[in-house]
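Engineer: Residue strings, one per chain:
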Amino acid sequence: MAARWSSENVVVEFRDSQATAMSVDCLGQHAVLSGRRFLYIVNLDVPTEGHRKISRQSKWDIGAVQWNPHDSYAHYFAASSNQRVDLYKWKDGNGEVGTSLQGHTRVISDLDWAVFEPDLLVTSSVDTYIYIWDIKDTRKPTVSLSAVAGASQVKWNKKNTNCLATSHDGDVRIWDKRKPSTAVEYLAAHLSKIHGLDWHPDNEYILATSSQDNSVRFWDYRQPRKYLNILPCQVPVWKARYTPFSNGLVTVMVPQLRRENSLLLWNTFDLNTPVHTFVGHDDVVLEFQWRKQKEGSKDYQLVTWSRDQTLRMWRVDSQLQRLCANDILDGVDELIDGIALLPEPDKTLHIQDSEPQHSSGHADEEALKEDFQNDLLVGRKSDKLGLPQTLQQEFSLINVQIRNVNVEMDAVNRSCTVSVHCGNQRVKMRVMFPVQYPNNAAPSFQFAPTTTISSTMKAKLLKILNDTSLQKVKRNQSCLEPCLRQLVSYLESVVNQEDSTSSNPYALTNTVTPPLPTFARVSNAYGSYQDSNIPFPRTSGARFCGAGYLVYFTRPMTMHRAVSPTEPTPRSLSALSAYHSGLITPMKIRTETPGNLRLYSGSPTRSEKEQVSISSFYYKERKSRRWKSKREGTDASNRPIKAAGKVILQDISCLLPVHKSLGEQYILNISNIQETCQKNASSALAVGRRDLIQVWSLATVATDLCLGPKSDPDLETPWAQHPFGRQLLESLLAHYCQLHDVQTLAMLCSVFEAQSRLQGCVSSLGPFPQRSSNVLSHSRYPSFTSSGSCSSMSDPGLNAGGWNIASKETEHAFTPWCESSPDDLRYGNLTYADHRERERDQHDKNKRLLDPANTQQFDDFKKCYGEILYRWGLREKRAEVLKFVSCPPDPHKGIEFGVYCSHCRSEVRGTQCAICKGFTFQCAICHVAVRGSSNFCLTCGHGGHTSHMMEWFRTQEVCPTGCGCHCLLESTF
Amino acid sequence: MVSVINTVDTSHEDMIHDAQMDYYGTRLATCSSDRSVKIFDVRNGGQILIADLRGHEGPVWQVAWAHPMYGNILASCSYDRKVIVWKEENGTWEKTYEYTGHDSSVNSVCWAPHDYGLILACGSSDGAISLLSYTGDGQWEIKKISNAHTIGCNAVSWAPAVVPGSLIDQPSGQKPNYIKRFASGGCDNLIKIWKEEDGQWKEEQKLEAHSDWVRDVAWAPSIGLPTSTIASCSQDGRVFIWTCDDASGNSWSPKLLHKFNDVVWHVSWSITANILAVSGGDNKVTLWKESVDGLWVCISDVNKGQGAVSAITEGQQNEQ
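In the order they appear, the protein sequences are chains C and G.
Heads up: the first sequence begins at 1 in UniProt numbering, then just goes up one per residue.
Heads up: the second sequence begins at 1 in UniProt numbering, then just goes up one per residue.
Fair warning: there could be bad hints in the mix.
Said to hold, decoys possible - Where chain C lies over chain G, by a calculated footprint (3+ residues, C-beta under 8 angstroms): (1) 5 to 11; (2) 54 to 61; (3) 100 to 109; (4) 134 to 141; (5) 186 to 200; (6) 215 to 225; (7) 267 to 281.
Keep in mind the hints are simulated off the structure, nothing from the lab.
Every residue gets a Cβ at the ideal spot worked out from N, C-alpha and C, and that includes glycine.
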């Protein structure tokens, strides 16, 4: 393994201390060992003697302990105990508990003193919150970071005072303490739980993470999608920390079957072999820290604490330090630059050897790059979408880590041999793949003679396999891996049934230790690699559709039963798996004994989800989440569970203020408005809108002809200016605005528009309504106070004040019509040479019941109602309403005949050419300019009014102009 | 009375993520984790599968119907980073366009008001928003707002088409001078309002009130009132109603509708913009209505699966 190894320089045993955590103070004088009953303060200069104890009374172990790293506060340390952090003061050989920090609701997983501010301490907890405490005010945390997922590690950045990192299962989040609501960056760092997190001592962007997934990864958090480098290990990595000197890294592994209790020292620029191994501990290394250099000494000391209850100190001399120095590249930055410049490799498939072959001795830069490219390739592959196309590809992608399965693949002969053993049962079968596979051609399955299961079980199994494979190949998807999983789960369920003593299927599955990976992990195409920023999918929803429908879908009843209402739904897709592990792993046990169990509880997180397709991934996740209370949890996936609920369509039109039946029954008869209003009132009665009966009755009264305005303004004040005139109408409109009853609004506007047109207002006003509709009309709404301003002709001085701002806009919009301010009046005076003319214009406005200033508003009501009528399929009603829109409808879109002047060949619109003033299109029969319905021959270009043409060609075949064109024959359509 | 008019068994093999009816309410489109999009004819309480659209390689998150004036067109977006536009031609549904310009899951698609032409906005987890405009002849023009939301964009919703200012400025016969706007919500806890100026999309407003990822935004349909309204919902369980009274669209003020106990995934406005449907992680659908005095009250609680809207009081709602 390592080039060198050494034994410790100092060993001190603290029998029965039961210490779970250790910390070395910043002066290098003391170490604290925290046991359940006592805290031991060890003088590192004379560790064998004179250690002091601080007794504590708690049923909880100490989770994390740390001395304050600032010289002036060097005698303080913090220790977490379940949900609480105790602050201890160590002075003159005596220790006492100061205050406690209380706020977390679940066990605290980690704590870290700020690097720059001596008063700040950050704690992370399973309760999903990260609290930053100011020890001057210990009542509550000063900052609270909400992570949604429980955190396992928290570490301050060593260079940036505001930055900190937390780990959540396989993800890392980077926070800015000034922005507590959300993390500034997410790294989907590992496939499995992260045990250790350490910032680079010199570069503020670089950090190292160590994980259950057997790797240490190095990150620049500015590039969250890909790691800078990876240190693949054979076993899960407990901690990986940078050395205080040069480019070293110390790792501690999570011991598996082999007892590997050494610490490894690496050069981060050559991760092929460790440069040094610290051998000596007999049990798990729980903690290791560096002691401050003694003055005048170049040596460093590594202090370690192990479950073997010994404290050891290891000297790291300058020679050893030099091994960690980088003699290939001069700085970290250069390395990063070099890596960033690497070209993106092709998306070819590539299986990386578990132990890359490298030239012995120092790896050169080339090797480093190659190594990195390999890593990148694996990363890219996991990134690759879609499914394997050929059998060979499928074989190469098969996850070889399925429990108890051995697959011998032979791509040339298109077959493979699968052997599975589970308990005392053994199944061996041969799978043959037809040439067309996987395009709607299923493979065949054949049992080999060594199979031990009964023939009925064989038949069942064959059916399962055939069903599974057919289901997949029908969609041209490959099916080997799903079949393998079905096979294994079926076998496991059989064995579980046989073995009545094993009551808990989880216990069984967890005791089987997965074999150490001998192949590079090929992760799922839809793994958590980038899922941390993809929102958790909606599984229920409701939408209003059409004109009066509500469409909604929810999770099926079976799927949500088991969820406790207190569990929040996770935020992102990647949290799904974290969530999953949180339920399966003994989280509860952790809280009860936050000591030993917490340390090495292996996370089954992501190993479970090496699924072939995303749907099964969801499926399984959901199943284990929602069906966790079911005993047959593991084989639930065999049975078809209805994952899709029903979609329900509801008619909610009764909740809307508009009614389709009213839309059908309402009439708009311009010639008899009185009757229109009365009919509409009875329609409202039919649907039970009693308020509308009153409204239409009022409208009947208001449109009474005897209230019609006189043409001479001097005779009487128009009815519109009466309180029951415009004011009444406007208060009605304001009311229905609040109710969002666009139907009533549009109908009222249309009826009164019709009435005013009937009274001839429109003809005298000309383009008036269009002009007045401007920004002003909108900004005034919905108070409808504008009525006052328009009737203010008699006394314009009254409405100065509030309208001045509006008048600026008015001026800008060239609207001399709105006499709402003295400014406008002056402007008006200039425009109207004749005072009487101005008076008449004003009178025309004043006698209208609908305030002309709000015309655009009224148009919008009609258009919106028109749109609703369209959805109801009432197109004629829509056309009736839209007739009363004052501004022109949208120009025709689509195919249009371009019209060119027959005299001067310029393009024209309308009936007269703008250039030569000739008629653009003259009827060949009556010689009048044609507008409206027309027909013409595409060959000779002659034609005219449709009625004239129809008449002519009823008896004739040639063009009426006498040009000799046989129009009917030429224009066959 | 609110009545269930149809219950559609979609036969999707996995969870459904979205369901929407077309403009007239005659067809239903659904999408699911089984990577498929299905279209049903649901007229007269029936359920006839018209199309089972396969083309996505991951779960399909959302569907959106285009306005029928452009034909029968449906857009879908998926985890596979693709946006697919499907079109019915001669009775069969086919893929007419596939957009692959995003680097991560596409979470939301929304068609612009028909007045603007055929324009689709897509929000993705790569933080970008794409605007796909049909330029005729099978061609689509793409504009991309990169880094619209750091970490990711979760929802997009167009503002209704409103003609600003005076009509006198617009020569007749030309296209009205619309101001195009849409709102988006993302993982930066923000709602952003985007406005097109000289063909470029610019961030006009940033609305900050949520304390966690914004999961959905919905711009209320216009009934002709000058007030603009947006509903937003978030992982933090809060639903806000944002209103803007001024024509320039600069001053938005939030009002908390309700704080739910679980994530709120979806908000949807009724056609008259007076009712808001809210749904989320608690598997419930609630309908909210603004009373005349400006308070939002829960008017019903559509119980999951039971298909009945039963009126409950505000107090009961709070207890739950």
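Engineer: Checking against the hints above, which ones are violated?
Structural biologist: 4
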